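Sequential numbering of the sequence shown, starting at 1, is according to UniProt numbering.
FYI, nobody ran anything at the bench for these hints, they're computed from the structure. Everything numeric in this text was worked out from a predicted model, so none of it was measured. Hints should not be assumed to be uniformly reliable.
Computed cross-link-like contacts, BS3-like style, restricted to lysine-lysine with a CA-CA straight-line distance of at most 27 Å [to be verified]:
no.	residue 1	residue 2
1	Lys316	Lys264
2	Lys219	Lys264
3	Lys5	Lys107
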Amino acid sequence: MVWKKTSFRVILLLILVVGISSLHYTTMTHHSHLHDVYRRLYYIPIVLGGVWFGVRGGLGTSVFISIAYLPHVLMQWGHLPWTAPERYLEIMMYNVIGALTGTLMAKEHAQRLRAEETAVQLQESYDQLRQQADLILEIEEQLRQADRLTTLGELSAGLAHEIRNPLGSIRGTAEILQGAFSTEDRYHEFTTILINEVDRLNQVLENYLRYARPDSMEKQQFSLAPILDDVVQLTAVKARKNRVAVDVDVDVANSVAGDASQYKQAFLNLILNALQAMGEGGCLSILATTDENRAVVRFCDTGPGLTEEQRQKIFKPFYTTRSKGTGLGLAITERIVHNHGGSIMVESLPKQGCCFELRLPLADLTPTQENDHV
Numbered sequence: 001m002v003w004k005k006t007s008f009r010v011i012l013l014l015i016l017v018v019g020i021s022s023l024h025y026t027t028m029t030h031h032s033h034l035h036d037v038y039r040r041l042y043y044i045p046i047v048l049g050g051v052w053f054g055v056r057g058g059l060g061t062s063v064f065i066s067i068a069y070l071p072h073v074l075m076q077w078g079h080l081p082w083t084a085p086e087r088y089l090e091i092m093m094y095n096v097i098g099a100l101t102g103t104l105m106a107k108e109h110a111q112r113l114r115a116e117e118t119a120v121q122l123q124e125s126y127d128q129l130r131q132q133a134d135l136i137l138e139i140e141e142q143l144r145q146a147d148r149l150t151t152l153g154e155l156s157a158g159l160a161h162e163i164r165n166p167l168g169s170i171r172g173t174a175e176i177l178q179g180a181f182s183t184e185d186r187y188h189e190f191t192t193i194l195i196n197e198v199d200r201l202n203q204v205l206e207n208y209l210r211y212a213r214p215d216s217m218e219k220q221q222f223s224l225a226p227i228l229d230d231v232v233q234l235t236a237v238k239a240r241k242n243r244v245a246v247d248v249d250v251d252v253a254n255s256v257a258g259d260a261s262q263y264k265q266a267f268l269n270l271i272l273n274a275l276q277a278m279g280e281g282g283c284l285s286i287l288a289t290t291d292e293n294r295a296v297v298r299f300c301d302t303g304p305g306l307t308e309e310q311r312q313k314i315f316k317p318f319y320t321t322r323s324k325g326t327g328l329g330l331a332i333t334e335r336i337v338h339n340h341g342g343s344i345m346v347e348s349l350p351k352q353g354c355c356f357e358l359r360l361p362l363a364d365l366t367p368t369q370e371n372d373h374v
């Protein structure tokens with residue numbers, strides 16, 4: 001494309017020079033006013049040559065014009081010697097204008113290149129500045145998060161003493177009162193509600209304590225199958241009550257490395273989250289396989305799913321899509337998985353359910369291999 005453009009310009013310059021020179025050679029000398037016009041027309045290809053091709057283009061065109069015009073001056077104007085100085089001066093001006101135009105265009109081109117380079121550098125600097133600004137905002141958010149967790153940790157210490165003990169007393173009193181009424185008595189129902197609410201408050205407090213002060217990890221080797229079976233059994237009553245079918249398929253021959261109790265807590269949080277999301281009716285599929293020295297555990301439900309905005313925030317502490325949720329269950333799960341060198345991700349579309357995928361290190365991995373996968 002560039003070659004075609006250059007060829008077109010060269011051909012156009014040749015046509016202009018040859019055409020103007022032909023006018024000179026074919027016009028009688030007594031039409032001096034026409035020759036004056038033709039001499040001025042030579043400046044058009046000279047300027048174009050300088051603009052298009054720089055100094056070489058401007059000077060090359062002016063020299064070519066000088067060679068083409070000089071025989072006309074010598075042969076056709078030789079009988080009028082007093083006109084020669086004017087025409088020789090015009091030839092000199094051709095070359096001066098050609099050199100000047102080419103030089104100016106070369107400088108303009110160099111200036112344009114510098115401006116483009118500066119623009120590129122400015123864009124790169126802007127991109128780096130924007131990345132640094134995003135990083136600063138992210139760090140500020142992490143600092144705010146850490147500050148909230150510090151406050152939560154301090155608050156949790158007081159909650160453990162100021163709330164858990166009264167909750168235990170309230171629950172004990174409610175159980176005593178419940179024993180005084182028959183199951184058909186409405187007061188028995190009231191005490192049952194009271195006990196359930198106390199248990200719920202106690203669970204909320206447990207979540208805060210667990211997130212603010214995570215338990216120490218006791219690494220061991222264990223099989224996923226019994227852990228998943230235990231968690232499914234723990235939630236079987238709630239699943240039946242919600243009419244949710246739970247399907248478990250474990251195909252992991254290797255043992256998993258980590259704290260079994262913490263893994264059980266993470267799995268329990270995911271199952272409870274799925275049951276609460278589906279409400280009445282649905283299906284929860286739990287599939288465990290191995291892939292590239294990792295145990296892959298998927299929890300897929302048929303609930304309402306998540307929007308993209310919800311999916312981006314789902315693991316953030318205190319973020320919840322339920323009015324009565326604490327927003328800590330999935331945050332605790334993510335922390336447990338990451339502390340074990342694993343990863344967790346969620347796939348979801350609105351009205352198409354959710355799939356949480358956990359990739360956990362197997363027990364037979366060496367420390368180097370584990371670090372490569374984290």
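field: lysine 5 paired with lysine 107 [C-alpha distance capped at 27 Å]
entry: holds, 22 Å
- request: Given the hint that lysine 219 pairs with lysine 264, test it: the Cα-Cα distance must not exceed 27 Å.
  value: Roughly 13 Å separates the two Cα atoms, so the pair holds.
- prompt: Within a Cα-Cα threshold of 27 Å, do lysine 316 and lysine 264 meet the stated pairing?
  reply: OK: lysine 316 and lysine 264 at ~21 Å, within 27 Å.
The structure meets every hint from the earlier list without exception.
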